[in-house]
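Asker: Both chains are sitting in their own frames, so use the hints and assemble them into the complex.
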Amino acid sequence: MNMIELDNVTKTYGEITALDGVSLKIPRGELLTLIGPNGSGKTTLLKILACIEKPTRGKVYIDNDLVKERSVTKLRLKGTMVFQKTVLFNATTYENIAYGLKLRGFLKEQINERVRNALKLVKLEGYEKRPAKKLSGGEQQRVSLARALTLRTELLLLDEPIANLDQRSASIIEAAISRIERETSTTVVLATHNLFQVKALSEKVALINNGRLIQVGKAHEILGDSRKLADFARIENIFPGVSHITKHGTSLIDIGDNVQIEASIRKSGKISVFVRPEDIILSKIKIASSARNVFEGKIVEISDLGPTVRLGIDAGKQFVVQITKRSFVEMQLNLSSKVFVTFKASSVETID
Amino acid sequence: MMLRKFKPIPLIISFLMIAAIIIVIVSVEEFYEGIKGAIVLIVSADPEIMEVTLRSIYISGTATALAIIWSVPTGLVIGLGDFAGKDFVRGIFNALIGIPTVALGLILYLLLSSSGPLGFLDLFINPLGVAVGQAILITPMMISFTTSAVEAVEPDIKDLAKTLGASEVEAAFAVLKESTPGVSLAVMGSFNRAIAELGIAFMIGQNIRGSTRVLTTAIAMETGRGEIALSIALALILLVVVLSIGVLTNLLQRRLR
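Protein sequences appear in the order of chains A and B.
If you read the first sequence in the numbering used here, its first letter stands for residue 1429, the second for the next number, and so on.
If you read the second sequence in the numbering used here, its first letter stands for residue 101, the second for the next number, and so on.
Hints were generated in silico from the structure; no laboratory data involved.
Being a predicted model, the structure only gives us computed values, none of them experimental.
The C-beta atom is built at its ideal place from N, Cα and C for all residues, glycine as well.
Be careful, since some hints might not be right.
What the hints assert, rightly or not - The calculated label-pair distances, taken between Cβ atoms and stated as ranges, are: (1) Lys186/B with Gly1467/A: 45 to 51 Å; (2) Gly1449/A with Phe188/B: 34 to 40 Å; (3) Gly191/B with Gly1684/A: 51 to 57 Å; (4) Thr280/B with Gly1486/A: 36 to 42 Å.
Unchecked claim - One-sided and incomplete, this derived list gives chain B residues near chain A with beta-carbon spacing under 8 Å: (5) Asp222; (6) Glu251; (7) Asp259; (8) Gly265.
Excised from the complex, chain B in its bound form (with noise of 0.2 Å):
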């Protein structure tokens, strides 16, 4: 019977895998030295790391609290609804799901530098105006996550929520709240989305050091000028924040459930 469930191909690729990637490891000297680097870098908690750091976390967690006010109450509404083209509209975001960051930089760019139709609202090279722009890129990520969330919620609970005294807006909330779990799925999974994106970051934000200089931008540049340790420190961190808020959910969904 033990013979039956053993599966040695998974387990070969896995033994390849590691193999090559200790090759790797052993043979770039540069990655090995980077590592080193980075433990020192981390541990001396570098103020400029520090200070990057934080700046990421705070315009991603902005653009998500951003992206919130709209999606959530968008996703609400489609996934309580019941109107024509209701597929349709559900098809188009989650196609948005997949834009690429360089894309949306792109068109972001074009609308809001200064000589572009909305460079009045001075957006261009502010770190608010990364946050509006990753707040754009995950908005169709969360109102798909958001409907597919709420049209989980047992049908009945609108209704019941009606015949206990509950106004339509009131009934809404009830459906919102038996959906938290879902929700907040599509909370953070769009704060990962926003805090590793690369592309609106560089493009409207520019990477300008103390202003709108983030890990993902940071990394490029540092990895870019032969900053190995450096980069791998900030690399190691952004990996550190998005697991952990991988952990949080997972938490989050327990509890809640």
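Bound conformation, chain A alone (with noise of 0.2 Å):
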């Protein structure tokens, strides 16, 4: 029994061609990882799942349904999608939370049970009246989540759900994530560019990019080739390099550029390494400190991702760095502003 059946799907907007031709089918009850990187179609596929877009091309089969003009708003009650960027309606987290079940009909009581259940498999508790919108960004993706789990749908969609949150969040979402995958009989599909969250989370794997379903396997047949993955799932400050071992029983890695960083793991000779974003310290003067990787660089990139900010630094190799939109005003950071990275040997991993 295939919850989805997708056939030979295609989606152009315009000039631009976001899905060519894809073709998959998800079995019920299985949790499907969608990796590729920004751009790669993920979002688009997974909003042709949600029966939000229409496909210019091709069929889609819900629960062996076909999906059509006619029957679009019934299938589309069988699944729904929390979105990479948080959407809330300007009302109370409550309000947000016992939408759809009030589109669905549900009484008040059970809207009220749901919602105090919702709120607790988020860990967020007697924030009924809150207004969402005024909570914060990991706060109000956990309502989200908990507005999708509680219409309690046989189809699960998330795309980058823990992109972008703080820890805690990250770590609350993964958590009910996992618990609905095992106590329930929900498919899900779950859309990511972070390699890591496949590790943890998934059975089967599709990658995708350029629209193209690239491969779909179980997860150790794709991850075998790590390199080629992490390449493609592009991860971050990865810097391709030369190592030795130094005296101190470190390794000092020549990434080229005279750039060389130090790494607290013993390998010598060809290797790849990288340093997550959010492992990174930006300051505006050097800070003194145990961390043994300081380079200084000025701001070339800065994109905004709501609670966060993603900072391209050049520092003989370009770095990425993530900071808190807070910081990020009230260090009065600029393009071209003069700022030093700094991040610990132990923070530096290797891919393979």
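Answerer: As structure tokens, then:
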């Protein structure tokens, strides 16, 4: 029994082809992780599965029913989607979570009960009367998840549910998703560009790039060639280089352009290392600390991700750093501001 | 630092304006006497003034209610829609916001007067006729502002409503609900335009005492007759109504945010 079947689905927006002949079957009760870089078509695919977008060509079957103009409103009820960018109604947390339940005609007591349970699941007990838009970024995303989970749909579509969230919110959301997956027969499709989420959560993985499905298979089959995957999933701050072991027992990796990274690993020879953007400290003056890696650079790229800001720093090599919006504002950073990036040798990880 | 922030020119202009107003008030004795008379009239709750005021509110309120019926859904459809010629349609309504009330009044007069093609509707010299005319007048404004308010709502709200189980219509309602602050501004602004206009009220209503006389037509007539005190009283009331609506809008917007 397939919950979802896509038959040669193509979606174009004017000149742009977002999805290009995607065929895919997802059996009932399965968790499928969709991995691909930003702009690869993950969101479009999820929106088509959610019956929000219509495919330009091709057929979509949900629960063995062909999605047609006439049946779309009915089939849409079988699934629900959590968007990457948190969207909330300008209302209380309760109103937000109750919206879908009201549409489905639940009674007041049932709605109260379900909202309470949903909030408990995302660890926001007692938040009913709070205006949803006044919550923090992580709390807002937890409300969106609760709002989706409370519907208990057969199909759950999650678009980068923990991207750019604080650690606590991310782990609460991961736990809630795991629990749904473990305790219910919900079919879950989770889109991510974060390779590490795959290892933690997934059974089956589909790789997508430029709107095409590259490979579908069990996680361990595909994750075998992790270098290719890392490249694919765009882990930031990947640096290929040559490593030699220092007399202190750490490794010094020459990544070219006169940049050397110290790592608390013991490996020599050719190696690829990476540093997570959230592990890098950004400062306007050089800070004295125990961290072994300090580089001076200037900001060459700024992208606003809502609660956080992602910066590209040119320090010989380009580093991607993620900081909160608040820090960004307080530090009064601009393009070409001079900054220092600092990270510990233990934050440097190898890819293989 | 303080000196650098000090801006003398706006201050001087304000002073000159206040001085000019004082000179006018003092020199035009008529005005001074008028104010005194106006206050007496308002405080004594002159029945005719009360009647004209309430009729003004009633007619323009009806006009606003009528305009809401077709303008808000139209604004919603244009705001949500993605069709060829959308900019053209928006452009037309934007241009029509500024339609002169006398021009529209004249057109309506030609249509509605007893010898006109729509004379059989019996809207000429009829409060309902004035309301309909004002409703037409404020329609472009209400549509334009509603469209803008709807477009200002996060585009994902519609998708969100749908994925939570809403049909197209229910999703459109969700967007409308999110745009309430903007739509309420459109409605309040339209009411103010209706109650403050003169052209349509005069040409369609003909300022008939006890039937179609409203604040603006009464002010125009009384001024013409030299009843300055009465004119000022009516104008003050009109100002108070318009400003109260403004304050109310402000409060409402703050509540909704």
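Asker: Which hints from the list above does the structure break, by number from lowest to highest?
Answerer: 1, 5 and 6
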